[in-house]
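Q: Residue-level listing of the chains:
2 protein chains.
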Amino acid sequence: MSENTEFKSVEHILEKLSIDDKNTIKNVLYGKNTYELTISKDALDLAKQFNIELKTCGFQCQKEQTRLPKVVRVGIFQHKTPRETWANILEMREAMFKIAANAIEVAAGAGVNVFCLQEAWNMPFAFCTREKQPWCEYAESAQNGPTTIFLAVLAKKYNMVIISPILERDEVRNDTIWNTAVVIDNHGDYLGKHRKNHIPRVGDFNESTYYFEGDTGHPVFETEFGRIAINICYGRHHPLNWLAFGLNGAQMVFNPSATVGALSEPLWGIEARNAAVANGYYTFAINRVGTETFKNEFTSGDGKSAHKDFGHFYGSSYATAPNGTRSEGLSRTENGLLVTQLDLNLCRQVKDHWGFQMTQRLDMYADLLPKVIKHDYQPQIIKKQ
Amino acid sequence: MSENTEFKSVEHILEKLSIDDKNTIKNVLYGKNTYELTISKDALDLAKQFNIELKTCGFQCQKEQTRLPKVVRVGIFQHKTPRETWANILEMREAMFKIAANAIEVAAGAGVNVFCLQEAWNMPFAFCTREKQPWCEYAESAQNGPTTIFLAVLAKKYNMVIISPILERDEVRNDTIWNTAVVIDNHGDYLGKHRKNHIPRVGDFNESTYYFEGDTGHPVFETEFGRIAINICYGRHHPLNWLAFGLNGAQMVFNPSATVGALSEPLWGIEARNAAVANGYYTFAINRVGTETFKNEFTSGDGKSAHKDFGHFYGSSYATAPNGTRSEGLSRTENGLLVTQLDLNLCRQVKDHWGFQMTQRLDMYADLLPKVIKHDYQPQIIKKQ
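Top line first, the protein sequences correspond to chains A and B. Numbered per full-length UniProt numbering, the first sequence spans residues 1 to 385. Numbered per full-length UniProt numbering, the second sequence spans residues 1 to 385.
So that you can see chain A by itself, here it is in the shape it has in the complex:
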């Protein structure tokens, strides 16, 4: 399907229903009671000027008697690759920096406190090619690389926590490469990093050719705007990965991704949302957008002819509250910024309401899993004698 035949979004189609019908099924499909945020005219104008679709979503939360509200605005940004994939890396990086700077400026105008970019945000998603060069040259130091240095200035300027998923080069440790999310705090200081735990080996996602399973565990980053974790892309298919971030206390888990329609689109609205419900935190699913064409052709392991593009990255980035209510998605076709307003207190309120944290019988599974990984594990099968 070529770029210009892609439809805009599910929500755009649902708009064709009567208001009553739309509201009725949106209550089922999206959950209830979100509201739109008031955004300054300056920020709206800026978004328009930069061709960024700006959507907002506020999640409801009860007032408590003993805790003050902890209201946070979170921005997630999806964007296209602004140059031909084969553009010079320095030039591409500059163009990417410009795009991010624009989005962050809009986000700042919209009052965003925490901002997250898509997976490997400053490069084409070139892992489909299996070529090592020049793509490995995009890898850079998490703490001192050009991207972190660039974003740190903006984080400080706008008092904003920024999550920057990049290809990491660990020069100190034998030049290893990782798929990493860098967290920069709102004073512009490097807070830490998380390396992608689960690496795909499916379709054009030849990522295991480039980097390995992360060795950073399940860190939760304590910031002035709440406790943050990052479940990078394919990790969203693994409920245990989501669980571990929750067990470490995350209140907001970001899922910066790059995924295409034929492979995953029916699952996109399910997985990050299920994780929010199961673990009592907010989730933010961010997908790349647009179609990226490469210079050299490659095959996809599906018996089809060699070709030069990866398929359409369908955007559709969205947020979910711990009660399962989700925002609308950003479009399937354009650069977009979703600004959500949330109260961190909702995490504990939902946990207290549903009680999953207490009914989950973690001891039973802590007993089971070490048995299952042993080679002599006998599955619990009941059959006729």
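One copy or any two copies: either way a pair holds, since identical chains are not told apart in the list.
Straight line, CA to CA, 35 Å or less: simulated DSBU-like cross-link-like pairs of lysine-lysine:
| no. | residue 1 | residue 2 |
| --- | --- | --- |
| 1 | K384 | K157 |
| 2 | K8 | K26 |
| 3 | K157 | K383 |
| 4 | K80 | K8 |
| 5 | K32 | K80 |
| 6 | K70 | K32 |
| 7 | K26 | K16 |
| 8 | K63 | K304 |
| 9 | K374 | K351 |
| 10 | K41 | K157 |
| 11 | K383 | K156 |
Derived by calculation from the structure, the hints in this document are not laboratory data.
Please arrange chain B on chain A, whose structure you already have, making use of the hints.
A: Relative to the frame of chain A, chain B by itself:
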């Protein structure tokens, strides 16, 4: 909301869109490539006669070179309580048996091999009342109780595996009560039982007043039509419960439930579907349907006035294939039978495609969980020094 103001289904509303629009968003919301089954006129007529909505859904699967297809038809049935909730228990049971016999006769006519009823299917869902009598009288022996004896005859007659979720009385062990699913094989023999692992303490689900966390682990029942497990109702909120059935080799996991709109409807389409994708098996989510009114009023712990009904059980039973493709739901308002046709080979095909079974790093979580349950566990928090 009263019974007759309930809307019929999400799908019924989507029918109002143009065919192109409907197909476009159904590909996103439901996944691709299901087909309708051919059902004999006799079975269709019988369903009509019994006022059972009959829907069908076939899931696609590739042919393999070394394994024959393992095609199975699965029937799931949702139904209302056919008498006033305060009807004499013997009379209610007879009425319930009649409903089940009708549905099983239709299912047999539709070629069903495995049939599953809803949670506590032969009684009103009376746990909202917190009254012990007469409701505890519904509890009966899993192996030798009247319900198992009744269904065993039909299982043998129709060569059908029947899953029967009931309130269990273990007379041998001090009259304990459990929420249990009984599995009867296609020869009419009792194969075994599973007791609900996770018990809710939320809203009108006062189930922990009646029975406790199950002690049967995560059994998978090997039948002539595939390996079956049952995740009863609230267990669907716990990804670890779904995981454990998968680790034990389940190919089809049933989620017999009883849940109402205000509490869970936006999550209904998410959880069983996410589990199918994450674990590489088929799932079947079955919800009770209709509104049940009780003789004595009760409160719901939500500050509202005492009342006599539990809210509307919204039906919407559905099935999901391991690739995430789901069937349409049964209606939100009527008794219904969903007949799906599936090939068990798809489970392994999807696992081989996505590779979740190999990328899940079970060893990492087998190491983590025993640490987390210790009182001195220190969450992995990264904060500024």
